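A.B. asks: Using the sequences and the accompanying hints, generate a full structural model.
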Amino acid sequence: MKIKLAICAALGTASLCSAQNLFLQDYFFDTVASNLAQPVSIAFPSMNTQFVCEKNTGKLRVVTNGIAVGDAIDLAVTNDAEQGLLGVVLDPGFDRNGFAYLFYSRAATDGGAWLDDRVEKFLWNGVALSFVSTVMILGPHPDWENPGYHHGGYIKIGPDEKLYIQRGDMARYGCFEMNNNPNIIGAAACIYRINLDGTVPADNPFAAHPDASVKRMFLYGFRNGYGMTWDSQTGRMWYTENGPEVYDEINIGEAGMNSGWRLIMGPDDRNATYVQNNHTSYDEDDLIYLPGAFYRDPEFSYLTPIGITGIEFFNSDKYHPNERGDALILSTNLGRLMKLDLNVARDGFVLSGGLSDQVADNPAEVDSITIGTGWGGTTDGQIGPDGYMYVVSYSLGKVFRIRPKVETIVPGSFTMFRGSVLTGNLASLSVSDDNRLEMRPGPVFTNAEPPIQIILNATSPFSAPSSMSFMLESHASTSNIEQKISLYNFQTAAYEVLDTRTATTSDSTVVINVTTNVSRFVEAGTRNIRARVSYRATGAVFVYPWKARIDLASWTITR
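Just so you know, we're using the numbering used here here: the sequence shown kicks off at 130 and counts up by one.
No lab work stands behind these hints: they were computed from the structure.
The reader is advised that the hints may include incorrect statements.
List time: in silico DMTMM-like cross-link candidates among lysine to aspartate or glutamate, alpha-carbon distance up to 20 Å [claimed, not checked]:
1. K613 <-> E578
2. K291 <-> D224
3. K613 <-> E567
4. K250 <-> D289
5. K291 <-> D332
Predicted model, so just to flag it, every value in this text is computed and none were measured.
C.D. replies: This is how it looks when you write it as structure tokens:
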């Protein structure tokens with residue numbers, strides 16, 4: 130990762146500092162946090178709270194409901210070049226144990242001399258983090274100068290509950306990890322995979338190697354990077370890699386892989402030459418292979434480096450089918466968001482025209498996959514617990530969120546005001562699948578009062594929507610049953626009846642549209658919304674107890 134430290138005017142890069150735009154037609158972005166100092170990475174301890182790493186200050190900021198409420202911890206860090214507080218990830222059991230892991234460049238005081246990089250484990254008590262243990266130390270090497278760049282520092286926990294650590298090459302030229310000398314170990318230029326306590330997983334690809342650093346390696350031949358994720362649809366690992374003067378890469382990461390640096394960048398058949406490989410063309414046969422190692426070409430490359438950083442997938446039902454599952458690509462150089470569509474097997478991208486060779490060779494080809502400009506240098510993108518994509522902008526000091534303009538939401542809870550549930554549960558209300566919530570009448574005080582009344586609760590994504598519709602798929606077990614749908618008006622503190630009809634005896638759908646004064650149905654501050662569905666007999670009913678059944682209830686809300 131090459132982070133742009135200069136102000137925009139000095140960069141001479143118009144797109145990095147131009148007006149912010151998002152070119153996805155049905156989406157918008159909002160600002161989750163601002164006034165942050167060089168934020169680089171994010172994690173989510175709860176629905177409405179984020180941890181944000183500030184690279185240069187060493188502070189892990191706590192942002193709640195859009196406000197930076199304090200610091201979880203303030204670490205003394207070296208902040209020269211690409212050093213600092215670089216990574217945060219939460220334990221898979223965080224909700225139970227409160228453990229978090231941080232990657233940082235340790236110093237005696239902020240801005241002091243670099244001592245080492247380390248991953249440490251901390252305990253969150255709801256207010257602050259406290260030290261628990263050191264998981265891994267990545268220290269200086271006596272045979273190299275240990276510069277301030279190519280430290281990597283991005284950390285993630287995979288679906289296997291192992292900790293993965295991107296480690297740049299640290300300019301340790303001549304080591305086997307950089308495909309130079311099979312007899313020299315640089316303890317760099319790799320992605321590590323370790324247990325959460327720092328020990329070596331028995332199934333690591335090089336676990337039998339005598340060297341402690343090599344035992345921990347998942348893959349090597351890695352120049353530097355600051356982006357790594359797992360596709361939740363396949364469990365496949367993806368990572369980004371920064372090239373020298375040519376070829377930034379997007380790769381599938383596999384155990385035992387040799388990523389090619391410093392002999393190969395970009396597709397092998399491009400025969401890339403650059404300063405670090407002495408302007409010599411190499412191919413995969415020239416690489417150094419540990420037992421079981423292999424080479425794999427990148428799935429996509431940028432001929433002119435963009436300072437590629439984050440990669441994340443729109444794997445959330447918040448996103449429409451056209452975007453769901455696509456890859457978001459971030460960079461520090463262009464101020465752009467880019468999107469790539471995945472193929473059916475999700476092991477590559479759907480590319481055509483000039484991109485069919487899997488390389489963006491010129492600005493026009495980069496333009497063709499650009500979905501946003503003016504975002505500054507972006508470093509991290511992750512799906513939050515609310516299902517939205519969060520994007521961290523280092524140069525703008527902000528965290529953004531990409532959201533659809535129209536959302537369909539289902540009840541988050543329900544209560545039976547009258548009657549009782551026979552079968553089904555909350556999940557029965559969220560999908561049209563014949564797994565219904567079945568209810569029977571309860572006691573009432575007058576014949577006019579419906580003996581079945583269910584209250585449905587949800588949270589609107591918008592405080593002042595322009596339109597709202599409520600949809601109900603339901604039926605009754607017998608004829609002569611009246612169904613009444615009401616929405617709660619928070620301005621009058623009363624339910625407003627919007628539809629009354631005779632319930633059918635097989636599933637039918639009712640859609641109620643509200644286009645004026647929609648905000649009356651949204652509670653100020655909390656954005657709570659509420660619907661009441663009631664049933665009562667209006668004629669002869671020959672079977673008792675009769676039943677009402679709901680297969681799906683939902684709101685569709687437009688910003």
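A.B. asks: All hints are to be evaluated individually against the structure, with a verdict given for each.
C.D. replies: To see whether the hints hold, each was checked on the structure:
1. K613 <-> E578: Given that 20 Å is the threshold and the Cα spacing comes to 12 Å, the pair holds.
2. K291 <-> D224: Distance ~18 Å between K291 and D224 Cα, so the pair holds.
3. K613 <-> E567: 16 Å, holds
4. K250 <-> D289: 18 Å, holds
5. K291 <-> D332: The given pair, whose Cα atoms are some 11 Å apart, holds under the 20 Å limit.
No hint from the list above goes unmet by this structure.
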